[in-house]
Each structure stands twice: as C-alpha cells, then as structure tokens.
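Given these sequences and hints, build the entire structure.
Protein chains in written order, with the numbering used here: chain Y, 3 to 385; chain S, 595 to 855; chain G, 119 to 406.
Ranges of calculated distance between the beta carbons of each label pair, as one might list FRET restraints:
(1) S:608 / G:391: 26 to 36 Å
(2) S:626 / G:262: 21 to 31 Å
(3) Y:380 / G:142: 28 to 38 Å
(4) S:637 / G:272: 32 to 42 Å
(5) G:391 / S:642: 49 to 59 Å
(6) S:848 / G:299: 31 to 41 Å
(7) S:662 / G:386: 29 to 39 Å
(8) G:298 / Y:380: 49 to 59 Å
No wet-lab data here; the hints were simulated from the structure.
Remember, it's a predicted structure, so these values are computed and weren't measured experimentally.
Don't be surprised by glycine CBs; every beta carbon is placed ideally from N, CA and C.
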Amino acid sequence: MTKKMDNTTRYERLRERYMNGDLDRRSFLGMIGAAGLAYGVQTPFAKYAHAAAGEVRFDGWGGVVSEAFREHAFDPFTEKTGIPVVDGTFGGGDEYLSRVKASQEGEYNIAHLSGVFDYARYYNLGLASTLNEDNIPNLKFVIPKLVDVFRNVSDGALSCVPYDYGTTGLAYNRKYISDEEMKEKGAKILIDEAYKGKIAGWGDWRTRIWFGSLQTDQDPNGATDMEAVWDAIRAHRDLSLKYWTSGAELMSLLAEEEIYVTEGWSGRIYALQEQGHDIGYMDPPNGYGWQECLFVMKGSPMEACEELLNFMLAPETSIAVAEGQNYPPALDPQQVDLGSKIPTLPAFDPTGTLSGLTFADPAYWNVNEAEWSKTFGRVQKGY
Amino acid sequence: MGWQLIRGWAILVYIFMFLPVAVVVLLSFNASQFGSFPMTGLSFRWFIELANNEAILRAFRTSIILGLLTALISTTLGVLASLALVRYRVPGANAISTLLIAPILVPEVVLAVALLLFLNFLGINKSFTLLLFGHVIFTLPFVILVVQARLISIKRDVEEAAMSLGASPRQTFFQITLPLMMPAVLAGGLFAFTISFDDITGTLFWKPGGVETVPTQIFAMLRNSISPEINALGTVMIVMTVGLPLLGAAIARQISKKSGT
Amino acid sequence: MSVEAREARQPWILLSPALTAVALFLFVPLLFILVYSFWLRTATGADQAGFYLDNWREALTDAFYRDILFSTLRIAAITTLVCALMGYPAAYFIARSKGNKAILLLLLMLPFWISYIIRTMSWINILGVSGALNTFLLWTGIITDPIQMLYNETTVILGLVHFLLPFMVLNVFVSLEGIDTNLEDAANSLGATRWETFLQVTLPLSLPGLAAGGLLCFVLGAGTYITPLVLGGPRDAMFANLVFEAIITQLNWPLGSALSLMLLAVLGVLVMIYNRYLGMAQLMKGLG
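Pasting the structure below:
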C-alpha cells in the first residue's frame with residue numbers, strides 16, 4: 003500500500019512538472035464534447051420520440067399482423083396522403099397499457115386493442131378521444147353490433163373503430179383426439195386426466211377464468227362460484243405441460259406434437275391448417291369471442307388519425323389485411339363482398355350478426371380485474 | 595491421466611455452449627417452418643425472407659448504431675473513471691468502485707422499472723437518447739472492471755519515463771498509456787456492444803415509439819408466429835463474428851507468404 | 119490555484135461523468151421507487167401519493183412472496199453451483215493449455231451473438247419431443263418413445279447455466295492465470311502429488327475468482343424472468359416474474375416497486391457479505 007502511495011505521489015510530481023496547468027479546462031471540454039455527442043445522437047432520432055405534426059404513431063401486434071398493416075395499409079396511405087405512419091409493436095395488451103400509462107400525452111396515437119374490456123379500461127383511465135364520425139364515412143360498412151358495444155361504454159361517442167374479430171377456441175391434434183370426442187367433452191377436455199402432460203393453455207388470466215367457467219358449467223360473463231372456477235384452473239394447471247405466452251409457442255407446441263390439446267387463437271390455428279398440419283379447431287358453446295379495434299388516444303392529431311382509420315376501413319384495405327393476418331374484418335358481409343378466402347376463416351359469420359359469438363362483458367371483467375389478475379398469479383404458481 | 599479428464603470435461607463444456615448455436619445454424623437451412631427433427635429438407639428460403647424483411651433489417655441497423663454508441667460512451671466514461679481510480683489516491687475509492695459496479699448487481703427488471711417510473715414522474719418523453727443512456731448504465735460496470743484490471747498491471751515507470759523525456763501528460767496518455775491499455779479498452783467496448791446488442795428487458799421498457807432493436811423485434815415477431823428468419827439472422831451474426839476474422843487472418847497469411855518468397 | 123487543490127480535484131473531474139450517469143440513471147430512480155413503494159394503487163388507475171405501509175406489509179408478510187423468493191434463491195444457488203462445477207475445470211483447462219487462450223475465451227462468448235431469446239428457445243428444439251436429442255436417441259434405439267424433458271425447473275436451470283457459464287469461466291480463468299506456477303512446482307518437488315498440490319495450493323489461491331464468478335452468476339440468475347417464461351412449466355416462476363406481473367399485468371406500480379426493492383435488498387445483503395470478506399477488488403480482477 004505504501005508503495006502505491008509513493009508511486010502516486012511521484013507520478014503526481016512528475017506530472018505537475020510537465021503540465022501546462024490547464025487540464026481542468028481540457029477535461030471540461032471533454033465533458034462538453036460528450037454532451038454534444040449525446041445531443042447529436044438525439045437529433046437524428048428525435049423524429050421517433052414525438053409524433054410530430056403530420057405524423058401518426060400506430061402500435062399493434064407484431065409479426066404477421068404488423069407486416070399486413072405495413073404492406074396493405076400504412077405504405078399505401080403514406081403514398082396517398084403524404085402522412086407518415088410510425089409503427090411500433092407490443093407483446094400484450096397489459097404490457098402496452100402500462101407503457102401508455104407511463105407515457106406523455108400524444109406519444110402514442112392509435113393502438114390495435116383487443117376486446118371491449120380493453121376499450122373500457124382506456125376509457126376509464128381518461129385516455130379516450132372523441133372521433134368525428136363524419137370524417138370516417140367507411141364506418142358505415144362495419145357490422146353495427148360491433149360498433150354499438152363500444153358506444154355503450156363511452157356514452158354514445160366513439161374513440162375507436164372496430165376492425166376485426168376472432169375467437170379463442172379449442173385446438174387439438176386430430177391424430178390423437180377425434181372430432182367426436184371434442185364435441186362430447188368441449189372445454190372439459192382441458193381438465194381430462196387422460197391427456198395429462200399433453201395439455202397446454204394460454205397464460206392469460208382472462209382466458210383461464212373464461213375456460214374455468216365453461217369447465218364448471220357457468221356463464222363466462224357471470225360466474226357465481228369463483229371457488230369452483232379456481233379449482234378448475236388448478237386442475238388444468240396440474241395437467242398442463244406449459245402455459246404458452248406467444249403465438250410462436252402455441253404453434254410449435256401443437257405442430258411439434260409436444261401437446262395434443264390447448265386453447266388457441268383462431269387465426270393462428272388457421273395458419274397451421276393452411277400449412278397442412280392436421281389440427282382441428284372448435285369453438286365450444288359460449289366460446290371466447292373477441293373483437294379488436296383501432297383506438298385513438300387523447301392528444302392525438304385527430305384529423306390525420308381519422309383519415310387513416312377511414313383508409314384502413316376501406317374494403318380493399320380491410321380485406322387485404324384480414325387475409326394477411328387470418329382474422330375476419332369487422333365489415334358487414336351483407337354489405338361488402340369479402341372475396342373468397344375470408345369466408346373460410348374460423349369464427350367468420352356470413353350473416354354479419356355475430357350472434358354465435360360471446361364477447362367478454364366489460365362491466366363484469368373490469369370490476370374484478372385487480373383481484374382476479376392477482377389471484378391468478380398465485381394459482382398459477384401452485385397456490 | 596488427470597489432464598486428459600480435464601480436457602475431456604472442457605470439451606464437453608464447449609459442446610454444451612455450442613449446442614444452441616449449432617441448432618440455430620442448422621435450423622436456418624431448414625425447409626420447414628417448425629424446428630422438429632429430423633429435418634425434412636434444406637433450403638435458403640429463410641435467408642431470402644430475412645433479406646426481404648424490412649422490419650428486422652431496420653431493427654438490425656438500430657441495434658448496431660445503439661450498440662456502437664453505447665460502446666463508445668460507455669468506454670469513454672469507463673476509461674476516465676478507471677484512470678481516476680487507479681492513478682490517483684481518491685478517498686473512498688473502494689466505495690466509489692462499488693457504486694460504479696452497482697448497475698450489474700441490480701436486477702435488470704428493477705433498473706428498467708425504476709427508470710421508467712422516474713421518467714414518467716418527471717414528465718420526460720422516452721427518446722433514443724434515454725434508451726442509449728440506459729444501455730450505458732448497465733454496460734459501464736463491465737468496461738470499468740475490464741479496463742481497471744488492465745490499468746493496474748501497466749507499470750507507471752513507462753509513463754514516468756515518457757514524461758521525464760519531455761512528453762506532456764496528454765502526449766503520455768495518448769502515446770503511452772492508451773496504446774498499452776488498448777486491448778482492455780477494446781475488450782471493454784466489445785463487452786459493452788455485445789451486452790447492448792443482446793439486451794431485451796431494459797430495451798422493452800425504455801424504447802421510444804418506432805424504435806425496435808433486434809431482440810425487441812424478435813419478441814414482437816414471436817408474438818404471433820414462428821419466424822425462422824431469426825435463425826437465419828443468428829447464422830449471419832455467427833458468420834460475421836467468426837467467419838470474417840478467420841478469413842482476414844487467412845488472407846493476411848497468404849499475403850505474408852507471398853511477400854516472403 | 120494551488121497544486122494540491124488541483125491534484126485533489128483531478129480524479130473527481132475524471133470520475134464525474136461516470137458518477138453522474140450512474141447517480142442520475144440508477145440511484146435517483148431507485149430512490150424514487152422507494153418513495154413510490156409507499157404510495158397506493160387505486161381503482162381509477164391514478165396512484166395515490168402518500169405514506170402507506172400496505173404494499174410493504176403485503177410484500178413482507180404474505181407467504182406467497184416469501185416462498186417464491188426462497189425458490190428463486192434456491193434456483194440461483196443451484197445454477198451457481200452447476201456453473202462452478204462445469205466452469206472450474208474448463209477454466210483450468212484454458213489457463214493451463216498451450217493453445218491460444220484468447221481464442222478459447224472468445225469462443226466461449228460466441229453464443230452471445232445469437233439473441234438471448236433465440237438461444238433460450240433453441241433448447242426447445244434440442245430437448246423437445248421431436249427435438250434433436252430425442253430424435254438421436256430414437257435413432258440409436260436406446261429409447262422407443264420420445265422422453266418428455268422440457269418445461270420444468272431442470273430446464274430453467276439448464277437455460278440459466280448456459281447463459282451464465284461464460285461469466286464463471288472468465289472469472290476463474292483470471293484468478294488461475296494470476297497464480298505463480300512456481301508455487302505448484304515447488305509443492306510437487308516437495309513430494310505432493312498433483313492432486314494434493316491442486317487441493318492445497320491451486321484451489322485456495324483461485325477461490326477469490328470462484329467467489330467473484332459465483333456472485334455474478336447468482337445475482338444475474340436471481341434477476342431473470344424470460345428463461346422461466348420460455349423453459350418453465352406452468353408453476354415455474356421466479357421473483358422477477360412477480361415484479362413483472364405486478365407492474366405489467368396488474369398495473370400495480372407501488373406494489374411492483376416494493377417487490378423490486380425487496381429483491382434488491384436480499385441480493386444487496388449478499389453483495390455486502392461478499393464485499394466484507396473479499397472486497398470488490400476481486401470482482402474487478404475477475405473480468406480483466
């Protein structure tokens with residue numbers, strides 16, 4: 003230790019002897035240089051940080067969905083109007099809401115939200131805008147039932163336009179499970195001891211509670227015996243190999259025969275079937291239907307957003323995007339010719355009434371959200 | 595005998611480390627979308643899809659820029675701090691070192707959440723600069739650790755000799771000290787770049803709109819579907835990091851052989 | 119200005135950019151979430167500022183959090199142990215080999231160039247029912263039906279070991295490199311067998327490196343949440359997953375802050391114990 007100090011002292015003396023005496027200033031300049039560098043870095047990227055005037059920020063699901071949007075909606079829109087669309091992605095609705103909550107007004111503009119309950123959450127958090135429907139004439143093509151549920155939440159006004167819909171139903175490997183068996187057992191096949199270790203499920207608390215309600219013969223929008231639902235969820239947990247959290251996991255679990263049965267997103271299962279995998283898909287009675295909307299946040303450039311929504315609802319755009327992401331568009335098949343592929347998509351309703359689908363009731367789900375999401379976190383981990 | 599055992603063990607460890615790399619490279623040539631074995635056929639389609647995937651290429655450019663800037667700033671700050679800690683008598687040097695190393699001892703989720711909530715509270719918009727500084731913070735400890743270790747081993751005599759021969763401290767630093775610690779500076783920069791390039795947790799929380807790095811882009815792609823082009827990207831990265839230096843060395847050898855004869 | 123004053127200021131000028139950055143982007147935010155952890159989440163979504171002990175009471179008294187914390191520490195400890203057992207001989211081999219040590223070390227870093235998520239997910243392609251290993255075993259005839267190997271605690275640890283092993287090897291390697299080989303020769307010439315020499319000379323001298331590697335593996339391992347998400351079964355969650363769920367899924371930022379700080383405190387105690395007995399200087403040598 004003493005040696006080190008000696009060395010240091012010696013070094014200092016030497017340095018002092020040869021120094022011009024203004025190293026302080028030089029270090030200071032160095033720091034200014036670093037700050038300048040940081041500034042220079044920021045400037046070229048600053049355009050990403052705020053949605054500058056005449057630019058729209060859009061956030062949605064990644065992968066095939068965002069590719070379909072970019073190719074069929076954003077690029078043609080920018081070409082036509084000159085308004086650039088900056089797109090971002092999120093991994094899940096909850097994750098995105100937490101990011102929006104932790105952002106400044108105007109940072110996010112349009113989001114591809116899932117479910118009316120999500121719409122209600124944003125509305126209740128004061129994040130909703132009010133759309134001028136005169137600027138969105140294509141809204142007239144949309145299935146009325148889809149629009150009305152949103153109006154009910156926000157006192158007649160709209161902060162979003164419906165865009166597509168789908169279901170979370172049962173997906174099964176037909177090599178091991180027959181269509182008849184599925185029909186007979188319905189959602190209860192997910193708690194069937196015979197398939198222990200060959201079952202999976204989505205690790206999303208709403209979906210788990212929904213299917214728990216079905217497995218205990220309760221109304222998924224009004225279960226009265228929650229204890230029974232939690233027990234069904236526990237039974238499913240113990241029989242499951244895996245809770246999947248992404249479409250990639252869902253598809254590979256099924257395709258690689260790691261599991262035989264799980265819930266699945268209709269569009270993803272359709273993609274598997276398209277590739278020739280012998281996977282069956284079934285919506286059990288009272289199956290989980292959902293609709294997605296394009297939600298405009300408070301503080302967004304409204305006219306540009308409305309123009310983009312109108313462009314995206316135009317039948318040719320809607321149909322192209324729907325064919326890309328494998329979910330039927332919100333357009334009314336009675337008014338618009340949807341082409342040949344869309345009628346083959348799962349969950350598609352040719353009547354345009356969607357009477358066969360059960361959607362999550364926002365009042366029921368949002369009231370219980372805090373408690374249930376927390377309880378599910380515990381049940382999942384073995385409690 | 596004992597040495598053979600150790601060698602065998604080490605080879606097993608290397609095989610373990612390389613297994614995922616081998617599988618990723620193998621699957622990038624897979625004809626099928628799913629990674630099941632035995633593979634059904636070979637194909638270059640994922641490389642073609644990769645080349646056509648505008649989003650991932652954009653993310654790749656962002657990651658490279660972010661990684662390089664992180665490495666540059668992190669190394670600059672790290673070298674300055676290491677110089678101070680090793681070459682001067684600083685009161686409480688040990689405590690300061692601990693403070694500077696703290697970012698790797700804080701779980702990244704905690705760091706990410708804390709910074710995000712704090713910025714939200716201050717009402718500051720997320721920006722590329724903030725993302726960059728987030729990366730600088732958790733790569734800084736690695737740079738400091740590497741550079742400091744090297745600096746300790748550089749003898750002061752050399753620096754003193756230079757100065758006694760009339761070099762100014764600045765000249766001494768740039769002509770003597772810096773070249774001597776260059777391997778550590780480069781290693782620290784490489785460390786910083788690698789960690790920044792591979793980071794997902796912090797980036798997910800801090801990235802502003804429109805900015806995707808390779809890991810967050812992969813995360814988003816996996817959300818919906820399986821995208822083997824990410825395996826192709828892995829293969830490209832491996833070829834770039836292993837293949838190019840090897841090629842360079844081979845060319846250098848060829849040239850020196852020719853000039854030798 | 120006097121020479122002494124300038125001398126005293128010099129290192130602080132050099133240190134100030136790094137210290138400012140760490141203070142601004144780490145310590146101030148940490149202080150902030152400390153304050154935040156005493157706030158209260160309300161049904162409307164806006165958090166209520168104030169001084170409430172509810173989150174801390176929940177975090178500290180609820181057995182759920184304690185159990186997951188213990189299981190996280192257990193997984194991190196097993197991971198660290200496996201890393202040490204696998205990494206030490208490998209580091210010994212590199213340090214004592216006659217080959218190019220730098221290249222051997224760089225090769226170990228190679229997997230880092232493939233994104234962490236892809237690396238982790240590739241274990242599914244290796245260990246899955248139709249993965250490489252099962253296909254190989256079926257082909258050799260050792261098994262007739264594929265074995266279910268994935269999605270349990272063992273695969274979580276496997277994924278973590280793969281991620282953290284290089285940190286262990288680097289640290290042990292450096293401390294082995296620093297040992298004067300004359301000491302080993304001397305022990306041998308005094309009649310010790312190679313094994314005795316290793317146990318009585320080499321191993322004790324390399325313990326600091328082992329400890330530094332262990333600390334890094336433990337802390338980094340205890341803070342992960344993606345590996346259990348990808349390679350774990352339904353029940354396999356670690357403490358960072360709870361933090362993530364509280365903040366992201368439940369939007370309960372005050373509780374999430376309290377949980378973050380709880381994890382930080384436990385790991386902080388470990389770091390302090392380490393610091394007390396070995397000092398940060400060892401960690402510093404570790405990555406050189």
